[in-house]
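Engineer: Given only the sequences and the hints, what does the whole structure look like? Please build it.
2 protein chains.
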Amino acid sequence: MNEESNKKRILLRVAYDGTDFHGWQVQPNARSVEGELNKAIQEMTGEEISVIGASRTDAGVHGIGNVAVFDTLSPIPADKFMYALNTKLPEDVSVVESREVAADFHPRHCDSIKTYEYRFYVSEVNNPLKRRNAYRIQYRPDTKLMNEAAAYLVGEHDFKSFCSVHTSAETTVRKLYSAAVREDGDDIVIRVSGAGFLYNMVRIIAGTLLDVGNKKYEPEHIKGILEGCDRTLAGPTLEPQGLTLISIEFPDITN
Amino acid sequence: MNEESNKKRILLRVAYDGTDFHGWQVQPNARSVEGELNKAIQEMTGEEISVIGASRTDAGVHGIGNVAVFDTLSPIPADKFMYALNTKLPEDVSVVESREVAADFHPRHCDSIKTYEYRFYVSEVNNPLKRRNAYRIQYRPDTKLMNEAAAYLVGEHDFKSFCSVHTSAETTVRKLYSAAVREDGDDIVIRVSGAGFLYNMVRIIAGTLLDVGNKKYEPEHIKGILEGCDRTLAGPTLEPQGLTLISIEFPDITN
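Going line by line, the protein sequences match chains A and B.
Under the numbering used here, the first residue of the first sequence carries the number 1, and numbering increases by one thereafter.
Under the numbering used here, the first residue of the second sequence carries the number 1, and numbering increases by one thereafter.
Relax, there's no trap hidden among the hints.
Cross-link-like lysine to any residue pairs, in silico, SDA-like; alpha carbons within 20 Å at most: (1) A:Lys39 x B:Asn126; (2) A:Lys80 x B:Glu124; (3) A:Lys80 x B:Asn126; (4) A:Lys80 x B:Ser123; (5) A:Lys39 x A:Val69.
It should be emphasised that the hints constitute simulated quantities derived from the structure, not laboratory data.
Computed from a prediction, not measured in an experiment: that's the story for all the values here.
Structural biologist: What follows is the structure, encoded as structure tokens:
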């Protein structure tokens, strides 16, 4: 057998607490999730490996099910990578699944369904036990109104109003499969699933739905914000710590 | 008016993420919750103040409602201390209430009801988003059995079996008002309330109830452990990060 025939592509599902990372992507002199994964995989295999990530989450954003792939000649079975890598990774990153995928599988060049949650807690003062994973708001918003507003976002729309002006995306049309607001204990959680998201899109959606919950405008106004195609029409980009990438599903690979 | 008549005793309710502290109590060259409070109060009042804490939680243990008191000559109204101190405290400590109490109120020398929770999450691997505030277990225990076992702990008992051998307590008799196990989403939470707790008592209760949930012994066996008055009969002292001091109520002061 030649080298190529021993090569396999491994998919990792990765969970991380984004608080102490400068985001997913490798950067010089800054701690990144990708950097920690590369280091652990290189240590384990002895190969010069750089993973390909599905979603380059920003600094402070968390992940429960982000995805990374890499190629290796290592004889270690794919499902054992999870255990071996977890012995080398720091406490704020974990591999929650490892499996082999087709050699041409690329997590950014194929259809996927991404699900994000944005979490709020209501408190007059900072809650040290929630501050890392939720965004503090002073007053309880009307979650029924927020949920009504969220429904206007579902479907295929031009989300230009919900996109940071610093985007390099070719088109700002995206398709949302679902958007809903629920109460989780005392917390309030926005959950959105879609085929892809623009830069800062979920954080701007969160800021806009919060404006609705605070009765700055009616739920129906979301239609006008979408139609206006103007970033200044939507609400603020909320802070990253409330945001978690929950899962990425790939319909074309068997799960 | 003389100085004494301007003096008032302030009670603070304090929340903290215990992860990055060497516990509540001031120690040389180590970060403590008490030390951060003293520093913030001194900065604010210009007085040499050391708070008196109600419960000296261990390193890694969290608080939502621990209590501290101090005396001050500051003219700032008692309820404003909360806001002023929160501008000076680090992110992992917050004052959630401040109020005046009687000059002779001492949080350790009066009757109180303390409530603690010990939280578990079930996962084959470390969860970076839960690791700081919950203890990981590999298999889901039987919470119904755990709850049955917890009921045997309620009431006045000699808790010698549930006390670290390093205790200096004069008596190991304590009174538990309630002990119950519930599921909170995917997590499992033990909640206990009592008039006082021995050193490591809640963490040993958690280890023992987990043993019951894992069917090491029957719920009824708790009776034998209590009667034996021997630390080696009970389960292990579980790690601190699962433990949170939820509240301390003082029946003799108006709340």
